[in-house]
Amino acid sequence: MSAVTYTARERRAANQIWNAAGRYNFDPLFLAVETKNQISDFYMNLIIGLAYKYYGEKTLSTLFGYWNGDISQAMLDDLTWLYLEHVLYTKESPVRPSMTDLRIAYGSDFFAGEYKLSRQEWMSKNRLVYNMQSARWSHVLGKKNPLLTPIEQKLYCALTPSEMPSPDEIKETILAIYREFHLFDGKKHVKKGFRLHVTGAFARFLTRIMPVQTVRNDQIMVMRSSQADVQMGGTLQSKKRGHIALKKEISDRSYIENCFGRSLFSDQDLVKIEKELCTGNHNGCHLWFTDGKYTTHGKIPDKFRHLRDQAGLQAERNRSYYHKNLQLHNSLVSHLTEQIRNCEQVHQQTDVLSSQSGSLDITRVWRAEYIEDDRIFHAKEDDNQPSFTVDLLLDASASRLQYQEILAAQGVILAQSLLACHIPVRVSKFCSVRGYTVFHVLKAFEDKKCDRIFNYFAAGWNRDGLALREAEKFLRLAPGPADRHLLIILTDAAPNDSQRILPSEHAPMGRNYEDDVSVQDTASEVRALRANGIHVSAVFMGNDAAAHNAAQIYGKEFTRIRQIDQLAKAAGRLIQKEIQELTIG
Amino acid sequence: MNDLIEFLKHEGISADLVEEVQHYADSHAVKEELKSRIPVPHFHYYGNKIWEEALAALLCGKNLMLAGEKATGKNVLAENLAAVFGRPAWDISFHVNMDAASLIGSDTFHDGRVTFRPGPVYCCAENGGFGILDEINMARNEALAVLHSVLDFRRVIDVPGYERISVAEDTRFIATMNYNYAGTRELNEALASRFVVIQMPPLIQDDLQRLLKDQFPDLTAKYNKQFALLFLDLQKKCENGELTEKALDLRGTLDAISLMQKGIPVRDALDLGITNKIFDSYEQGLIRDVIAARLPAKLRPSEVFE
Numbered sequence: 001m002s003a004v005t006y007t008a009r010e011r012r013a014a015n016q017i018w019n020a021a022g023r024y025n026f027d028p029l030f031l032a033v034e035t036k037n038q039i040s041d042f043y044m045n046l047i048i049g050l051a052y053k054y055y056g057e058k059t060l061s062t063l064f065g066y067w068n069g070d071i072s073q074a075m076l077d078d079l080t081w082l083y084l085e086h087v088l089y090t091k092e093s094p095v096r097p098s099m100t101d102l103r104i105a106y107g108s109d110f111f112a113g114e115y116k117l118s119r120q121e122w123m124s125k126n127r128l129v130y131n132m133q134s135a136r137w138s139h140v141l142g143k144k145n146p147l148l149t150p151i152e153q154k155l156y157c158a159l160t161p162s163e164m165p166s167p168d169e170i171k172e173t174i175l176a177i178y179r180e181f182h183l184f185d186g187k188k189h190v191k192k193g194f195r196l197h198v199t200g201a202f203a204r205f206l207t208r209i210m211p212v213q214t215v216r217n218d219q220i221m222v223m224r225s226s227q228a229d230v231q232m233g234g235t236l237q238s239k240k241r242g243h244i245a246l247k248k249e250i251s252d253r254s255y256i257e258n259c260f261g262r263s264l265f266s267d268q269d270l271v272k273i274e275k276e277l278c279t280g281n282h283n284g285c286h287l288w289f290t291d292g293k294y295t296t297h298g299k300i301p302d303k304f305r306h307l308r309d310q311a312g313l314q315a316e317r318n319r320s321y322y323h324k325n326l327q328l329h330n331s332l333v334s335h336l337t338e339q340i341r342n343c344e345q346v347h348q349q350t351d352v353l354s355s356q357s358g359s360l361d362i363t364r365v366w367r368a369e370y371i372e373d374d375r376i377f378h379a380k381e382d383d384n385q386p387s388f389t390v391d392l393l394l395d396a397s398a399s400r401l402q403y404q405e406i407l408a409a410q411g412v413i414l415a416q417s418l419l420a421c422h423i424p425v426r427v428s429k430f431c432s433v434r435g436y437t438v439f440h441v442l443k444a445f446e447d448k449k450c451d452r453i454f455n456y457f458a459a460g461w462n463r464d465g466l467a468l469r470e471a472e473k474f475l476r477l478a479p480g481p482a483d484r485h486l487l488i489i490l491t492d493a494a495p496n497d498s499q500r501i502l503p504s505e506h507a508p509m510g511r512n513y514e515d516d517v518s519v520q521d522t523a524s525e526v527r528a529l530r531a532n533g534i535h536v537s538a539v540f541m542g543n544d545a546a547a548h549n550a551a552q553i554y555g556k557e558f559t560r561i562r563q564i565d566q567l568a569k570a571a572g573r574l575i576q577k578e579i580q581e582l583t584i585g
Numbered sequence: 001m002n003d004l005i006e007f008l009k010h011e012g013i014s015a016d017l018v019e020e021v022q023h024y025a026d027s028h029a030v031k032e033e034l035k036s037r038i039p040v041p042h043f044h045y046y047g048n049k050i051w052e053e054a055l056a057a058l059l060c061g062k063n064l065m066l067a068g069e070k071a072t073g074k075n076v077l078a079e080n081l082a083a084v085f086g087r088p089a090w091d092i093s094f095h096v097n098m099d100a101a102s103l104i105g106s107d108t109f110h111d112g113r114v115t116f117r118p119g120p121v122y123c124c125a126e127n128g129g130f131g132i133l134d135e136i137n138m139a140r141n142e143a144l145a146v147l148h149s150v151l152d153f154r155r156v157i158d159v160p161g162y163e164r165i166s167v168a169e170d171t172r173f174i175a176t177m178n179y180n181y182a183g184t185r186e187l188n189e190a191l192a193s194r195f196v197v198i199q200m201p202p203l204i205q206d207d208l209q210r211l212l213k214d215q216f217p218d219l220t221a222k223y224n225k226q227f228a229l230l231f232l233d234l235q236k237k238c239e240n241g242e243l244t245e246k247a248l249d250l251r252g253t254l255d256a257i258s259l260m261q262k263g264i265p266v267r268d269a270l271d272l273g274i275t276n277k278i279f280d281s282y283e284q285g286l287i288r289d290v291i292a293a294r295l296p297a298k299l300r301p302s303e304v305f306e
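Protein chains in written order, with UniProt numbering: chain A, 1 to 585; chain B, 1 to 306.
These are computed hints drawn from the structure, not numbers from a lab.
Any given hint could be a false lead.
[Unchecked claim] Computed list of lysine-lysine pairs in BS3-like fashion (alpha-carbon distance at most 25 Å, straight line): (1) K62/B - K9/B; (2) K569/A - K70/B; (3) K154/A - K125/A; (4) K225/B - K49/B; (5) K277/B - K225/B; (6) K324/A - K569/A; (7) K58/A - K236/B; (8) K70/B - K577/A; (9) K246/B - K236/B; (10) K222/B - K53/A; (11) K236/B - K222/B; (12) K222/B - K91/A; (13) K298/B - K91/A; (14) K569/A - K277/B; (15) K298/B - K143/A; (16) K91/A - K236/B; (17) K70/B - K246/B; (18) K277/B - K246/B; (19) K53/A - K236/B; (20) K225/B - K53/A; (21) K569/A - K246/B.
[Stated by the list, open to error] From the structure, some residues in chain B lie toward chain A, with a derived Cβ separation under 8 Å: (22) A101; (23) S106; (24) Q226; (25) K237; (26) N240; (27) G285; (28) L295; (29) A297.
Where is the CB? At the ideal position from N, CA and C, for every residue including glycine.
In isolation and in its complexed conformation, chain B is listed as follows (with noise of 0.2 Å):
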């Protein structure tokens, strides 16, 4: 955590938000059996702006949305905050068959007797956690329903036949969603108005630089430079529809630069994290046009890293 907050003050965040944050985490205690649950974040998530707007509703005690396109950092910003202020997470991936049981929580026979077992939603609303709702809008919105009172002024559970409980102060959601990914559909109006939205923006060659940079220390600044071009080459191709969002992978190429890191040849590196994933022969050969306009063919991991 601390970490973190280093991080968002050589970013040049409000300082004054900043501060806020770490008094918030340092005066909210957390019990020590969930203190597992605070995430560890692998990747920083980078824009001023973005931070001070999600800093800035958490503090007020506001439930976040993240909306925007594939690999625009939803995820990575949504752990970063659960981080920064200190509370465990509980991460819920949303599907089409996702029903009310699978998020308050279901009955259950234990003992000869029917007894309730909570489900995510309870138990980040018990213990004041952050509930990271991923990619909401896959879920049918009468699934959704049952979050309305959590997420509004009222601010209670009530699970039918058992107790009402209200959801700790602590407790926030933050839920991601992609318009345009296969499958999603458009978010209902009362659920979508007990949000605050932020609509993320598409990476910049500034950020994925120094993501790059952060990640791999090693890289050349030439090669840095490359791969981030090469990121944002598939993603113009993606928002274009030449190629299908599946090629667009943050982690991919984060991937094939790990193994040119362990000598895979940078060709076949790039092959193993992104172009290969799509099975699609057609969309295989756009792929490998696009490395192939930046990165020679012979190019070996050595001349990648310094």
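Okay, chain A solo, but in the shape it has when bound (with noise of 0.2 Å):
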């Protein structure tokens, strides 16, 4: 299984890769999917594929990571794959017919580049690399070859070799190489970044100018997933403005609605629902149920105007991140209506109806004789009423920020495949901010278009044992159009709040809504749930340490998933399960 998420174009690279290759088991450390000419990628594409193959992933991964970091990594990666080239095109185009053709036109697209390049980019180039290529392409093409130095003429002579060194040998003869020529001498030299350290008010006056870390607080924050930081393994996270936020009750609640949109219920409606629900741990908590729309009256302050405008963004992002795959995530949508459709077909109920044609009914035959009545044959009718609904409620936290385009885009392709299975789909999020715990609809089950789960982003914390009662109270209260209900969450199994928990008798001093206590609480609402007749499923990704956490909420109905772009198939499994039950149940 893939570890990582590809794009459409990056995912069809990765499998030119494994097929040169012949094996699927790894992520390729190089994709060419850089030109704009297919067939040269392609070709490069087949000789890593073919590296892959005869030396296998360790010896490339060492190879290329003896000089990863080093100011010529540039240079020498691009020496080492020219070499690497040469090898495997000789070993391997007595087998594979179509390698000379793809190589001739790999040399050509070479020089017909030279023509479009910049002068930027003809700086860039790094002059060695550029000679090393142009011969060997040269010598490929029939061309008359480039004037090289005697040192490069010796250096190209080395990157051409007349034997294929053995996977033992290969990291040794390309470092004699690189070291006789002064490229590379086994240590990396790495250029240091500058580093400052600085405290007190310029501090603070640096990072109002400077770009930021992310920290997870209760101020809203629309943000690109490509900013949040991936290196630190997620959000920093910091309640201490939590709790100063406290204060502003009524601040805080308009400030909520103006983030994430007017309220689905009545002042008074919510008031009732908040004291049916935020009782025990999540007393004093807030509830805000939204569809995401704005309240269009009065002026808006200019602070919510421009997170309006970054949530506007971040949808457009998403919807651009999906329009930009669009081939593979239709894909990826008939694949799994296909799936859920089969799925039924096997498990659906038929109704036996008395009919003109079909099978006899021996039972109905006199009826033929006697009172002239012909429907005396058994027909089959395949049941087409929706027998259950899908909630898949998304976690909306900020430690999903580096997600937001792939979540957004896997809600859109399961929505989308359960729609055409004709199974009635709810999709939501959650997050909690300033004692508030959103639970926003995307897409309503009356929905016929998948467009609003578009308007996904990620923020704050996520209260997920407040917010499974938010969606028991919805399920509750718009069910859809089935008595049966699955409800999905997306979950990294790790509920947090900047809301404490306030003091009980079990507690004097009140406590952190955090660790085991979150994770006891979500696992009783959970069984709550399931107590109610709502089957509770889950997708889970996140560390190990926290995989117990996802078995102890929600025992053996979760399935794990390592990559975000595999939540819609996790979740079809999940459906289909359902389907299979229903037969049985």
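If you follow the hints, you should be able to join the two separate chains into one complex; please do so.
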């Protein structure tokens, strides 16, 4: 299983590499997707795949790892691929008839590209690499060799060996060439970054004018997935500002309304629902149910206007990501639709009716003879009424910042597949900000389009226990067209909120809503939902430590995914399981 | 049939088994009107171990289940077996709406009377045929329950309201199934226990090349190998979930080579035989990449054949 999220173009390139390698159990270090010429990319991917076939993943990652981060990394990578291209072509071309034509096409494209380069592009090219490449492709095309210095001539010969080194020899052979020509001495020469540690007023000033790392807090910041810090293993967390924010309840409400959209319930109804749901561990919390639409009356303060604009921008990014990879996404929708349809077809119930054709019902034959009723046959009619609804509840806390576009796309894929199968689906997201747990309906059961799912954005905390209570309440108030309900939650099994649990008999000082306390709370809410007849399953994506939490909360009813782009498939499996259970249950 | 016996001998299948099969076929006569039901296979199944297991099971009077992925030769083997034993075959393709009546038979109204119209399993059982139960796990388990008494030691068919008939001694059932096929289900234990199950291995390069040589003797050795490898590349892509099983179509590959024989350019023929059968443009791109990684774009049919 692939552990990397690919765009449609990258996935196709990876497929070209896997195909040439004859193996699919690795994620390639290199992908050729850069040039505008598809044949050139194709040939290079073929070479990369063959490198994996003959040298293996470990050898290649060690080899390129020697100079990874070195100031000459780009040059050394290019020269190494030039070397590998020659040995792999020589080895494979006798058994792969397509290679010669592809190689010639690649060479022609190399020279054709020369005329298209701008001055800046020429300057960014490494002269030595260019000379070596030029010599190689001139030779391939039968052109006159370019003028090379004697040292370059020697290097070119070294990069064009007559024999293919074995996997044991390749690393040493290439390192020896680079040593001989003083290109790499075996030690990495890293260009050190400039680091400055500042504190106090100067630090405050700098954080205003410089980009800063994300800190999860109660201030909504809609930001690009790419801006979120991946390297640090997620977002940092600070609960300090949360406590200050608690003191400003009225402004908080207006803040929530302005950030997330109008409430779906009147103030009176919302108070009633809060009274009913915000008890126990959630005492003192607030709820917000919204469809993401904003109220239009009154002047919008600038700070809210900015947030709305940012949310709008994220929606645009989600939409553009989906459409950029439309071919792949359509393919996923059609696969998932087919799987669910097949499962439905296999397990659907059939009604037997009396009819004028079909298989003979001998108990009715007399009717034809005596009362001229010709409906003496059995006909089967498939029961096409939806027998259950699906609620997809997406965690939209800041821990999902890196995946916003992919998550929105996965939500759309699943919703479209279920719509095609006539299974009612609702997609919602939840997050907690300033003591409010916001339940945002992105697509209602009655919506025929999935476009609003693109309004997904991540921010704040996740108070899973309370979100589940909200989900149940909403399910009771808007149950959709079937009696049976499947609730699928995308979760990291790490519930966490800035709003503390208020002091009680058991904890006179109150407690933070995190770790064991929040896991136990969420687990009890899941049990309560199941006791009320709602089928709860989870798609879990998180670290190994949280996997234990997921098991505690959801029992066996969860499926783990490594990458967010596996969400729709995983949810599809859960839905198929539900369809199977329907016929047994 | 003689042709198949020769083929088995040539393949090096156990001489005792081949002799017993020949003896069986010679000593069990087939009614004249059923002779047209004895299959004449277009393809031979390759794989000595599987042949020997299947022949031994059928000689012992067992029913056979061939379980395996798409394009592992399940139906080819089933047809080959009926042919080598010289028995009439009934092909019964299973589907989700299959019921007991469509297997055993149903009532019909004829000349003012309700009469029984026999189904394929009934005919097969009455005439000592080979019943090929294709994709048996497509049907609902409740529909298959009627087969229990036919397949186990009782070997009877009891149709309510009619006579109870015994299954003829020569009757055998060969079921095929693919666990991973969309729309299939787990076979219930009661039914599975009534079969001897052979897990069909995926086609290997050697067997594929021999099959291609059988079908297209004028294909050059170089391209015989390339087409076999092309099929295996697609097989690997399907196994790894990058392509749906629809793309794995041996018949399609053979059809494409036939088209090349008629002068259709190689890439176009492969499009007609394989790529165009997939209606998903992303998957079509993946298939074309697999083809492009093996065969030159300008390859002419005349270069492929001797």
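Verification of the hints:
1. For the proposed pair K62/B and K9/B, the alpha carbon gap of about 23 Å is at most 25 Å, so the pair holds.
2. Among the hinted pairs, K569/A with K70/B is consistent with the structure: their alpha-carbon atoms are about 22 Å apart, no more than 25 Å.
3. For the given pair, K154/A sits about 21 Å from K125/A by alpha-carbon distance, which is consistent with the 25 Å threshold.
4. The suggested pairing of K225/B with K49/B holds, with an alpha-carbon distance near 24 Å, which does not exceed 25 Å.
5. For the hint linking K277/B to K225/B, the alpha-carbon distance of about 23 Å falls within 25 Å, and the restraint holds.
6. A distance of roughly 20 Å separates the Cα atoms of K324/A and K569/A; the hinted pair therefore holds under the 25 Å criterion.
7. Simply put, K58/A and K236/B have alpha-carbon atoms about 22 Å apart, close enough for the 25 Å limit, and the pair holds.
8. For the suggested pair K70/B and K577/A, the alpha carbons sit about 24 Å apart, so the restraint of at most 25 Å is met.
9. Only pairs whose Cα atoms come within 25 Å are accepted, and K246/B paired with K236/B is accepted, the gap being roughly 13 Å.
10. At most 25 Å may separate the alpha-carbon atoms for a hinted pair to count; K222/B and K53/A meet this at roughly 21 Å.
11. For the given pair, K236/B sits about 21 Å from K222/B by alpha-carbon distance, which is consistent with the 25 Å threshold.
12. With a C-alpha separation of about 16 Å, the suggested pairing of K222/B with K91/A holds against the 25 Å cut-off.
13. The hinted pair formed by K298/B and K91/A meets the criterion: a straight-line CA distance of about 22 Å does not exceed 25 Å.
14. Taking the CA atoms of K569/A and K277/B, the gap is near 24 Å; set against the 25 Å cutoff, the hint holds.
15. Using a Cα cut-off of 25 Å, the hinted pair K298/B and K143/A holds, with the two alpha carbons roughly 23 Å apart.
16. Taken as a hint, the K91/A and K236/B pair is honoured in the structure, with Cα atoms around 22 Å apart against an allowance of 25 Å.
17. For a cut-off of 25 Å, the pair hint linking K70/B to K246/B stands: about 9 Å separates their Cα positions.
18. The hinted pair formed by K277/B and K246/B meets the criterion: a straight-line CA distance of about 8 Å does not exceed 25 Å.
19. Only pairs whose Cα atoms come within 25 Å are accepted, and K53/A paired with K236/B is accepted, the gap being roughly 14 Å.
20. Between K225/B and K53/A the alpha-carbon distance is near 19 Å, which keeps this suggested pair within the 25 Å criterion.
21. The hinted pair formed by K569/A and K246/B meets the criterion: a straight-line CA distance of about 19 Å does not exceed 25 Å.
22. The interface hint given for A101/B holds, since its Cβ lies 6 Å from the closest Cβ of chain A, which is under the 8 Å cut-off.
23. A cut of 8 Å between beta carbons decides the hint on S106/B: the least distance to chain A is about 5 Å, and the hint holds.
24. Using the Cβ-Cβ criterion of 8 Å, the hint placing Q226/B at the interface with chain A is satisfied: the shortest such distance is roughly 6 Å.
25. Taken as an interface hint, K237/B checks out: its beta carbon lies about 7 Å from the nearest beta carbon of chain A, inside 8 Å.
26. This hint holds: N240/B has a C-beta 4 Å from the nearest C-beta of chain A, less than the 8 Å allowed.
27. At about 6 Å, the closest approach between the beta carbon of G285/B and any beta carbon in chain A falls short of 8 Å, and the interface hint on this residue holds.
28. For L295/B, the interface hint holds, the least distance from its beta-carbon to any beta-carbon of chain A being 6 Å, beneath 8 Å.
29. The interface hint given for A297/B holds, since its Cβ lies 6 Å from the closest Cβ of chain A, which is under the 8 Å cut-off.
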